[in-house]
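Listed in order, the protein sequences are those of chains R and E.
171 is the number that this note's numbering gives to position 187 of the first sequence; each next residue is one higher, with no gaps.
196 is the number that this note's numbering gives to position 176 of the second sequence; each next residue is one higher, with no gaps.
Check each hint, because a few of them may be wrong.
Claimed, not checked - With the Cβ distance kept under 7 Å, some of the chain R side facing chain E (calculated, not the full set): (1) Q80; (2) Y91; (3) A95; (4) L108; (5) A109; (6) E111; (7) M124; (8) L125.
No lab work stands behind these hints, which were simulated from the structure alone.
Note that this is a predicted model, so its numbers are computed, not measured.
Glycine included, each C-beta is placed from N, C-alpha and C at the ideal position.
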Amino acid sequence: MTVTDLEVAHGGTPAGKEHIYTQQPVLSARKLVITFGRVVGLDGVDLDLYPGEVLAVIGDNGAGKSTLIKCLTGAYVADSGEITMNGQTVHFRKPQDAREAGIETVYQQLAVIPALDIASNLYLAREERRKGPLGSIFRMLDKKGMERRAGQSVQDLGIQTIQNMNQAVETLSGGQRQAVAVARAAAFGSKVVVLDEPTAALGVKESGMVLDMVKQLRDKGLSIILISHNMPHVWEVADRIHIQRLGGRAGVITPQTHDMGEGVAIMTGAKRLDAA
Amino acid sequence: MTATTVTSAAAEFARRQQSPVQRIQHQLHGRPWLSPLFLLLVAFVAFFVATPTFLTANSMGILLQQTAIVAALAVGQTLVILTAGIDLSVGAIMVLSMMVMATLSKDGGMPGVLGLFVGLLLAVGAGALNGLLVTRINLPPFIVTLGTLSIYTAIALLYSGGESIQSAHLPGLLNFLGDGFGIGAFRLTWGIVVVVIIYAVVGFALSQTAWGRYVYAVGDDPESARLSGVPSKRILLAVYTVAGLIYGIAAWVLIGRAGAATPNAVPDANLQSITAVVIGGTSLFGGRGRLVGSLIGALIVQTLQFGLSQMGVDQQWRVLATGILVVVAVAVDQWIRKVKA
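One chain only, chain R, in its complex shape:
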């Protein structure tokens, strides 16, 4: 049985987008296991992400959502299991490895440095140096250039509220910080963007802004993994929904085939997907 057959068996493919699911998954995980002492974080999880789709990952607290994406993005190294990108096995030992493979992550804690300005944060750990000897010998940063391009990245996402790239991130609101983190991922993610609870700390209007950004990124052809507790947000933007339960994958559904109530029922174990 091929991967695609498995997906269909679980919950089908979104109507009108079937062509996506005949392709090879851009990112795949098989039987991921990770333990923290006696606590089992992941108990043999499978995941498939296809090109140009938004895959939501939902699950109760402790179901292993964040742990799963940390394994996929190099923040944790799985004890066993296999991760492949476009069919090639990959080994991410640190976040930098995943980034170099084209996976950008917006962590729940945002991973922005409050004391640094917006441009510095956008280019953190991939600074650009000046041309000529100033850059090559003296390793001088191209501050003006990075500032200009950072402004462009922020503008590309339609973020109106941030104007000054020299503003320290600590002076920004929660929504603006989220926007900075998403803009960073969008600017550098070449294949996959992972968002962990991007709307959890945000108000209604700011959440809407972030969801719009997610759709924009998908329309640019990126694949997106969205971890969220917010079912209306998931059902609004997701193409497929991976349901995580007790450290494993309980199933994959689509917003068309299942409603939120059924999704939550599978998530909590009140209902088994096979019986649906």
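Use these hints to put chain E onto chain R, whose structure you have.
Leaving out everything else, chain E in the frame of chain R:
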């Protein structure tokens, strides 16, 4: 009855913020090096009024020479404190390095260049050991450097037998930084020039290179820095190692300044270097501060010491004054931080 105007609570608050004290607070928040600079000016004016010999070309030259040591140590200390650490082994590394340089090359034992090189190498190694203990074994910097403070001090004393080595027994190279040139009665030593160069180089690295940004990032939020792809451990190790090298250079400057290598030279180097950094506006919690602030801080510490000694105040009182200065500086820093709004 006085007439009251009806305003909204927010408008009331905004109006209240216009008070002069709060305006000063705002200014200081935006420019954290302003308050130490102001303090330095106040100290200068006070000592100028108190002692006629303070503001003379001769005195200023001596003040700068005395400041050079603490200012150099403060560079290493600033780097470590920016990463949310603290280095208590500052003075110990300097003294160890100094005693090794001097003992190896005394009375023509070893060429000055080689003695200097081994001394600097040892300082680098001592700094790197601090860094390794912090990054590999994950011990808090306070504990690590508290331990190495005793270890390095003991080794320095054991190695040198606790004896001073006078400059007459040392090769010219080790004494060189005590030489200098005069502009009238105002005398600058090569040691001061070296310290200025250290400030320029490290200041450039901190403000203009990716390495500098990583130092701030690691100190401000280590987990976010790691997730962003900053090689946190490598940066920390580099910071302690570079700090070690700077303490080694400070040892060289000190031999020239003191005219001897003495195991108990600069007994309060730790207190003074931390004081300089903190007065200079660098946060002990890491991630915030400017190197130039530490230079101003070192000048303040030494101005206080020098001015009080010119006035004939006893050493113990000078240490007391330094202690009070630290507490006041940190209190002012906390007050400035409360602005936020």
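**OP:** Hints the structure violates: just list their numbers, smallest first.
**Re:** The structure breaks none of the hints.
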